[in-house]
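**Student:** These are the residues of each chain, in order.
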Amino acid sequence: MSVEVITIILVLITFAIYTGIGWWSRVKDTSNFYVAGQGVPTIANGAAIAADWMSAASFISMAGLVAFLGYDGTIYLMGWTGGYVLLALLLAPYLRKFGKFTVPDFIGDRFYSNGARAVAAVATIFISLTYISGQMRGVGIVFSRYLQVDIVIGVLIGMAIVGFFALLGGMKGVTWTQAIQYFVIIIAFLIPAFAISFQLTGNPIPQLALTSSDIVERLGEIQIDLGMTEYMAPFTDLSILNVFMITLALMAGTAGLPHVIVRFYTVKSVRAARWSAVWAIIFIGLLYLTAPAVGAFAKYNLIDTIADKPLEEVQNIDWVNKWEATGLLQLDDLNGDGTVNFTGGEDNEVVIDGDIIVLSTPEVANLSPFIIALVAAGGLAAALSTASGLLITMTSAVSHDIYYRIFNKKASESQRLLVGRITLLAALAVAAYVGINPPGFAGEVVALAFGLGAASLFPVILLGIFDKRMNKEGAVAGIITGLSFTLIMIGAILSPSIFGTEEPILNSFFGINAQGVGVVGMVLNFIVSFIVSRMTPEPPKEIQKLIENVRAPELDE
Amino acid sequence: MSQTLTEKQKWYWKKNIKLIIILLIVWFLVGLGAGVLFAEPLSKIQFLNVSLSFWFAHQGAILAFIILILTYAIRMDKLDKQYKEMLEEEKS
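Chains as they are written, first to last, in the UniProt record's numbering: chain A, 1 to 557; chain B, 1 to 92.
Keep in mind the hints are simulated off the structure, nothing from the lab. Each hint can be trusted.
As a list, the in silico DSBU-like pairs of lysine-lysine whose alpha-carbon atoms are at most 30 Å apart: (1) B:Lys78 to A:Lys545; (2) A:Lys100 to B:Lys10; (3) A:Lys100 to B:Lys8; (4) A:Lys268 to B:Lys84; (5) A:Lys268 to B:Lys91; (6) B:Lys8 to B:Lys84; (7) B:Lys81 to B:Lys10; (8) B:Lys18 to A:Lys545; (9) A:Lys545 to A:Lys410; (10) B:Lys91 to A:Lys545; (11) A:Lys409 to A:Lys100; (12) A:Lys468 to B:Lys18; (13) A:Lys541 to B:Lys18; (14) A:Lys97 to B:Lys81; (15) B:Lys14 to B:Lys81; (16) A:Lys541 to B:Lys14; (17) B:Lys91 to B:Lys78; (18) A:Lys97 to A:Lys545; (19) B:Lys10 to A:Lys268; (20) A:Lys545 to B:Lys81; (21) B:Lys15 to A:Lys541; (22) A:Lys409 to A:Lys268; (23) A:Lys100 to B:Lys81; (24) B:Lys81 to B:Lys91; (25) A:Lys468 to B:Lys81; (26) B:Lys84 to A:Lys100; (27) A:Lys97 to B:Lys10; (28) A:Lys97 to A:Lys409; (29) B:Lys8 to A:Lys541; (30) A:Lys100 to B:Lys18; (31) A:Lys468 to A:Lys545; (32) B:Lys78 to B:Lys14.
What the simulated footprint calls covered on chain A by chain B, stretch by stretch (three residues with Cβ under 8 Å from a Cβ of chain B suffice, anywhere in the stretch; the number is not a length): (33) 88 to 100; (34) 272 to 279.
C-beta: ideal position from N, C-alpha, C; glycine also.
Let the sequences and hints guide you as you build the complete structure.
**Tutor:** Below you can see the structure in the form of C-alpha cells.
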C-alpha cells in the first residue's frame, strides 16, 4: 500500500473516533456546552489542555522553526512553556474560584461594566481569529501533501469535520475529543523522534541524545562550512532584545489565551484546577522537550541528504518529488553546476518552508509508511483540537458575553444555544477563508495572536485578582491602549503583507519586531490602568468583597 | 467570628503570595535569565555536549517550569491543609 492510502485509512479511523466521542458526549444545555458541566477529571482535563494548546504551530511548525533559528528558536520553546507557569500560578486557580463561564465574564463582573465585558469579548474574538488562521494553514498543508487534493478542498474537509463535532458536543464533547487527540499527537510526535534519534546517534531517547551525542556540535560545524549561522550560538538570527521581547510576549500571551483559560473552568475545584495545570505542563513538556531534538536531528539529516549532492539524484528522491509538487520545497540550480548548493548566502539553491520539517522527517529518515501516515494524523489532530477549542471560545464570546449578557438578558437557553451555533458557523466560514488565503507561516501568525493576548487580556485579569483598587475605568482604558497600540504596530511593521504596501510603514518599534511588540503594549496597558484607576473612584464594596472571596481558600471539596 | 476568619484568610493569602513570588523569581532566573540575559557568558561553559546556555534555552528551562508548577500544586495542598487544621482548632 502506498503512503497516501495508509494515510487516508489512518486519518479516517482517527476522525471516526473523534466523531464517535463527540456524539457520545453530545449536550443540550448551555452549562455543558461552555464548561462541560464542570465534571472533567484532572488528568483528562490536563490532556485536553495540552491538546487544545499544542496547535498545528507546536506540532507542525515549531521543530522546523527551531531547526532554522538554532539557539534563537528558544523563543518558541521557552515562550510557550514558560507562560504556562504564569497561567498556573497567577490566573488559573482564582478564575476557577470565581467560577463563571468565560474570560469576558470574569472581566465584566470584576469590573462591574458591560463596556469592559464587550472590550474583552472583542479582544477574545481578535485573538482567536488570528490564532485559528494558523491552524487552517496546518490542515491545508497536511491534506494537500498526503491526500493529494487541492489546498482549498483540504481546508473545507477539515472545517466540516471540526464544525461537525464542535456543534454536536460543545465543550464537553470537545474536552473528551481533545484528551484522545492528545494521545494521537504525542504518539505521532514521539515515534519518529525515537526512530530518527536511534538512527543518528544510537540512543533511542531523543531528549537525552540531544546532549549526550555530538550531533548539535557537528550540525554547528556543517552549518558554518555551508555558510549558515552557527547552530548553538545565541542571537545569530535575532537580537538579544528581540529574543527577550518575543519570549516574554509568548509567555504572557499564553497566560492570556482565552481558550486555554476557559479550560480551567471545566474542573470541579480550585485544587483540581491546580493539578490539571500540573498534568497539562507534564503532557506539554513531553512534546516540547522532544522538539529541539527533532529540530536538530531533522536539520542534520536534511543537510546530509541533499547538500552538495547531484541535483538529478536529489530530485529523484520520492519525498523531495512530492514536496516539490506542493511548492513548499523548491530546488533551483542557479549556477547550473548540477549540484545542490545549500547555503545561507546568495548562492543558496534550496528554499524550504519551515512548516514541512516535522512532516517530512520520517520520510527523510526512510521510516515505514505507517509512521509517515501517523505523523499526518497527528498534525491533523493538533490543528483540529486547537481549532475546535478556539471555535467554542469565539462562540461563547458572541452568544454568552455579547448577546446574552449585554443585548438580551432574558434569552432562553435554547435561544443562546442557537446564537452560539450560528456564530460557530460564521466563525468556521471566516476560518476557512483565512485558511485558504493564509497571511503567513503558521508559527509566525500564531505568535501575533499571543502578542495581542499579552497586550490586552493578561494585564487586566492579573490586576483584577491582585490589585483590589483596580476599577473599571482603569481596566477599560488599559485594554484599549494595549490592544490598539499592538494592532497598530503589527499593522505598521507588517504592512507589506497585510495592506500590500511596498515598504513597511515602520521597520520595527525601537528594534522590537512585530512578534515582540505585544510586550510594549502590555507594559503600556499596566501603566495606563494603574494611573487611570488611581485618578478615578475605587470599586464598589461588593466588588471588593468579590475579590476577597476569590483570594480566600476553598473550604470544601 | 468573621473577623478572625478574615485574619486566617489574610494569613493564607500572604503565604500564597510569598510562594508565588519565590517561584516566579526562579522562573525568571532559569528562563529569561540563563536562557537570554546571561546567554553570552554561559555559552562559554560546556554542559555535556552542548553549551550551558543552549541547554537551558532548549531543555533546562522547560524542565524547571514543570518542577515549578508541580511545587506550587504540592505547597498549596499543604497550605490548604494547614488552613483547615487552623479552622478545626478554632472550633474545638
